[in-house]
Amino acid sequence: MNKQLICIVCPKGCRVTVSEENGVYTTTGNACARGNVYGIQESIAPKRMLTSTIRIHNASHARCPVVSSAPLPKGDLFKVLALLENIEVTAPVVMNTVILDNVLNSGVNILISRSMEETL
Amino acid sequence: MKQNKVLIIGGGSAGLACAIKLKEQGIDDILLIEKENELGGILKQCIHNGFGLTLYKQEYTGPMYAQLNIDRFMALGIPFLLNATVLDITESKVVTLCDPSGIFEIQANVVVLAMGARERTRGNIGTPGNRCVGVWTAGNAQKYLNMDGYLVGKRIFILGSGDIGLIMARRLTLAKATVVGVAEIMPYSNGLNRNIVQCLLDYDIPLYLSTTITKIKGDGRVEGITLCKVDENRQPMPETSFDIEVDTVLLSVGLIPDNVISEKAMVELDPKTKGPKVNSQLMTTVPGIFACGNVLHIHDLVDHVSMEGMLVADSILTYLNHDTDPKMIPIRAQGALSYVLPQTISSESKTVLLKYRVNKPMKKGILKLISNDQVIMTFPKVDLHPSEMQTLQLSQAILCKMDYNLVVELCDE
Numbered sequence: 039m040n041k042q043l044i045c046i047v048c049p050k051g052c053r054v055t056v057s058e059e060n061g062v063y064t065t066t067g068n069a070c071a072r073g074n075v076y077g078i079q080e081s082i083a084p085k086r087m088l089t090s091t092i093r094i095h096n097a098s099h100a101r102c103p104v105v106s107s108a109p110l111p112k113g114d115l116f117k118v119l120a121l122l123e124n125i126e127v128t129a130p131v132v133m134n135t136v137i138l139d140n141v142l143n144s145g146v147n148i149l150i151s152r153s154m155e156e157t158l
Numbered sequence: 008m009k010q011n012k013v014l015i016i017g018g019g020s021a022g023l024a025c026a027i028k029l030k031e032q033g034i035d036d037i038l039l040i041e042k043e044n045e046l047g048g049i050l051k052q053c054i055h056n057g058f059g060l061t062l063y064k065q066e067y068t069g070p071m072y073a074q075l076n077i078d079r080f081m082a083l084g085i086p087f088l089l090n091a092t093v094l095d096i097t098e099s100k101v102v103t104l105c106d107p108s109g110i111f112e113i114q115a116n117v118v119v120l121a122m123g124a125r126e127r128t129r130g131n132i133g134t135p136g137n138r139c140v141g142v143w144t145a146g147n148a149q150k151y152l153n154m155d156g157y158l159v160g161k162r163i164f165i166l167g168s169g170d171i172g173l174i175m176a177r178r179l180t181l182a183k184a185t186v187v188g189v190a191e192i193m194p195y196s197n198g199l200n201r202n203i204v205q206c207l208l209d210y211d212i213p214l215y216l217s218t219t220i221t222k223i224k225g226d227g228r229v230e231g232i233t234l235c236k237v238d239e240n241r242q243p244m245p246e247t248s249f250d251i252e253v254d255t256v257l258l259s260v261g262l263i264p265d266n267v268i269s270e271k272a273m274v275e276l277d278p279k280t281k282g283p284k285v286n287s288q289l290m291t292t293v294p295g296i297f298a299c300g301n302v303l304h305i306h307d308l309v310d311h312v313s314m315e316g317m318l319v320a321d322s323i324l325t326y327l328n329h330d331t332d333p334k335m336i337p338i339r340a341q342g343a344l345s346y347v348l349p350q351t352i353s354s355e356s357k358t359v360l361l362k363y364r365v366n367k368p369m370k371k372g373i374l375k376l377i378s379n380d381q382v383i384m385t386f387p388k389v390d391l392h393p394s395e396m397q398t399l400q401l402s403q404a405i406l407c408k409m410d411y412n413l414v415v416e417l418c419d420e
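As they're listed, the protein sequences go chains P and L.
Here the first sequence stands for residues 39 to 158, where the numbers follow our numbering.
Here the second sequence stands for residues 8 to 420, where the numbers follow our numbering.
Covered stretches of chain L (chain P as the covering partner; in silico rule of three or more C-beta atoms under 8 Å from a C-beta of chain P):
no.	segment
1	49-61
2	71-78
3	152-163
4	204-213
Simulated from the structure, these hints should not be mistaken for lab results.
On a predicted model such as this, the values are computed, not experimentally measured, just so you know.
By construction, the Cβ of each residue, glycine as well, lies at the ideal position given by its N, Cα and C atoms.
Chain P on its own, in the form it takes in the complex (with noise of 0.2 Å):
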């Protein structure tokens, strides 16, 4: 079986073919070893960076930006951002504070991503 995909680890977008011959993945055309780690995990299970924002009060915006420590499963996606709807903060908050740890036991966190002074 050969696959090819484009490669989203950086900005350079490799194209990458991925080749598997009994359960063993092999990839060629990525320039570095990142792209050998997403070729074979997009080709077994797609995973996603999630980023969104959380309610915030107090602070100088309406909105907290946040981020997951590490890619979601991309059928997770929705189901981790109806959670956070739920989910509200008070300033101040500090960067990479965790808002919901294990999130789905993914193993990932959501981690506040900026830090907010509280306005008064």
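Following the hints, position chain L against chain P.
Just chain L now, kept in the frame of chain P:
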């Protein structure tokens, strides 16, 4: 009149990087001016990840990249003003400012232009149709959604396939809007390949190439658009037109360096980059006024913006310590290049990082460095794309071969 050695206009990635490097090298008399109510610039609203790979070998989200720089800036105790805007700069570097305390003037030895860019609007591209509500620039919609929590529409069409448009297609989909499609007037996308994959293909959003919007319809609010294929001269072909029902149109049709203030200081602009003409030290045509980041030319990666800020800091140290007047050698772009930066190379430069963009996608090409009609170096190039800024490091060995009438030319193999 208050005096400052270095006045930096803009607290985004370029301004912050410049201020941090200056302070680290012992310049204390700095003042950074920011017009918004917090530092960080445009990255605050770019909540997606993918920033910092070149500079930090790690991927951050936009707000994270900004936060790391803000934290370093604050730890160094560099003076700054928020909610402050520059009204005027003279050639002698008298800067008129306005902040909540009122209007005042500062005499600066050095001014750093780091004001970033603005989005091109419907007026810039002249899209015909009704003047109804629901036509937004992509960056504006991004700010409303990611910072204020407002979704600009429910059924959205995006004109322009630059990275902001692609990123917003995904973001709006995740925010439960329907993105009906993205149209691009060119026969190729202007965004990074990775963004076509992870923003459009992942969510089955169609990309219409060689297509533009020829009409926006709506009584009060946008109700629909007419799309039309364009020919090789980018002229609409009416027989190919079709209508789509949408309530919102987002425009992602390019950025323009924000040089309203630069022009007041009589800084010369380059018609191609729309930013100041600079030498290899990133000094503009007005001595003591430097430029870095999107105000100089539009970047696709923030890493290069930060690096330009740092280069300006180094150049300022040289400028303040030496009263020299180096010979400036003009350099121009030719062939398949839309521009090359800097526009002049100082004879005193040890190394120079040339930046250029191609004006069409090219699988293979040869980049030639020409001095006085003699080709002094050639560089084979592969996979060149207008949306990706290219760089070329010129070592001292190459620089000493460069004489006058410098040309960078890209041609087919």
